[in-house]
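Asks: With chain Y's structure known, arrange chain D on it following the hints.
Protein chains in written order, with the working numbering: chain Y, 130 to 273; chain D, 65 to 570.
To be clear, the hints were calculated from the coordinates, so they are not data collected in a lab. Computed from a predicted model, the values in this text were never measured in an experiment. Note that CB positions come from ideal geometry on N, CA and C, so glycine has one too.
The list that follows gives simulated cross-link-like pairs (lysine-lysine, BS3-like), each with its CA atoms no further than 25 Å apart:
#, chain 1, residue 1, chain 2, residue 2
1, Y, Lys244, Y, Lys205
2, D, Lys565, Y, Lys234
3, Y, Lys210, Y, Lys156
4, D, Lys560, D, Lys549
5, Y, Lys186, D, Lys318
6, D, Lys568, Y, Lys234
7, Y, Lys186, D, Lys326
8, Y, Lys186, D, Lys240
9, Y, Lys156, Y, Lys208
10, Y, Lys205, Y, Lys234
11, D, Lys446, D, Lys100
12, Y, Lys244, Y, Lys208
Estimated spans, in silico, between C-beta atoms of each pair:
#, chain 1, residue 1, chain 2, residue 2, range
13, D, Arg501, Y, Lys205, 38 to 48 Å
14, Y, Val267, D, Arg141, 35 to 45 Å
15, D, Ala557, Y, Asp153, 52 to 62 Å
16, Y, Ser174, D, Asn440, 40 to 50 Å
Residues per chain are reported as follows:
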Amino acid sequence: MANTYLVAVDGSAGSLRAAEYAADRAKASNSNITLAYVIEWSPYSFHTPEELAERHKRREEEIERAQSTILGPVAKAVKDKGVDAEVVVKHGHPSETLAELAQEKGATQIFIGRKGESRMAALLFGSVAGSLVQTSPVPVTVVP
Amino acid sequence: MKRLLTSIFVFLTLSVPAHAAGFDETINTATAPIAKFIGQIVFFKIPIGDANLPLVVLWLVIGAVFFTFYMGFVNIRGFKHAIELVRGDYANPDDAGEVSHFQALATAVSGTVGIGNIGGVAVAVTVGGAGATFWLIMAGFLGMSTKFVECTLGVKYRTENPDGSVSGGPMYYLDKGFAERGMAGFGKFMGTFYAIGIFIGALGIGNMFQSNQAFVQFVNVTGGETGSWWADKGWLFGTAMALVTGSVIIGGIKSIARVTEKIVPFMAIFYCIFALMVIFMNFDAIPQAISNIFSGAMTGEGVAGGALGALIIGFQRAVFSNEAGIGSASIAHSAVRTNEPVTEGVVSLLEPFIDTIIICTITAMVIGTAQVADPNFAGEAKGIAMTSAAFERQISWFPIPLAFAAMLFAFSTMISWSYYGLKGWTYLFGEGQTMDRLYKLIFCIFVALGCMVKLGPILDISDALVFLICVPNILGLYFLAPIVKREMESYFARIKSGEIKRFKHG
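One chain only, chain Y, in its complex shape (with noise of 0.2 Å):
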């Protein structure tokens, strides 16, 4: 059976070196690609009743949006090598999300780019790539 890899996609120039860098390796192994992009969310935050009657629709145009201006085009990417990637938007906390999904999938790896951030913007902000090699199960590779 096909591996599946999973590559993190965050629209940045370093998660499109990730995806081609998973796009070369998934086609001399023969696996297929999983593209995902999170949309961070919190079940625990606090909104006004407008905004919550509107959250289904706003919920849709982010997901079309993430679908259509940051996934497609690194899709694409990934499609011109000839691997076949499959694109997923998901809501919630990213490094964890992340590793749900990789579960759920069965990928055996997940790629990420990396933002290359000094160590006190990371300090500061914390990084995705940085807990998800803490918390993933499966091995990361974090592409520079």
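Replies: For chain D alone, kept in the frame of chain Y given last:
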């Protein structure tokens, strides 16, 4: 957009006569007779002994008792499950990004935790004695069942608009629910009646009362009725508050709303912690205060109408605070996307619990223990000023953060209610930008008016309108209760059999 905001301002400034101080007075004399008239109709009283039992309170009590028994004490049975739902144990990960149970609850609680929890309780204790507290808690407990029924129905009969947003609430369940039972015409009438009631009522309980009490506490901390420069500047404070509210609900400045919605829950916790501290600082008075609550509830000593008088006041204030029976919360809850309407009903059980059984009771204990220690601690102060004085006895600087909290509570309640009122309005006039704006403009004007009139007439008008919409709402709940009961039993059976999957903490 700017034009609208400017026009509010112009309207308010132009209507202020040369002697601004006299303006507040003019508004007062103009509204008092209207308030009295509305109050007399809604609170038609039947005299029983020395007590006067308003029919509408009886209506609410009977409803709450009936639903508690009919639903087999769902307020106790569903409590643990409510916490599991809010924690997200049953949330399907595929639905991430939709409104969660927690969010619906938090929004509805922000709407109910308002000035009523701070000032309304003081009113209850002043008029109904310590015993009113007991009935307040009782009303909160029974009100949980009413809330359960109305929030379940809110989700079940909501309308999904073509643009993907949802509209729900009593006007929709009255309308559709009666239509299902072959009484379409009657349903339409009830829905319309409710919609009119909530959009006018929103201007009272969710608006004028809130801004008024926020202003009272503000004057209180800036020097009091005689010393504060602000004392006769209700119009100025009101205009400022109206402008801020307008910038959120008309101007769509979400950041202000978001900040408020985030601060309010912390404020509520902060308030409870300090209140508990004050209660423990009055440690010696605790046993006496508790015993006063129970004995007052049974004997009604010193209260007009005795025990029944205390009961009436307690129930009235509790409903005013937790909104069970008014149907407003079901408007907020109907936004949750779930295949099981019962889940929202179960979650909403927690609202009267948090609002009345926890927060109101704590406030009542702060006042109660202060009264035991020093019967005249508050002097002439009433409403929120009385609560403030009870805090001040132990923590001298507390009135200032309390004023801040009061303003935020008032503000978040106003934002929620502007939406509830709007939904009544759109039910009547359809969804449309221009009409929406018109309603929101009216709403802002009333925010300002709220600061210009005295507590008495305001409380009367706002009480009356809110209690008025309980009539169609609860009548509808009786008719639709069998549907809720059927869904509830099926739901709990499927939970028990494991057919409804648990995703976490299994």
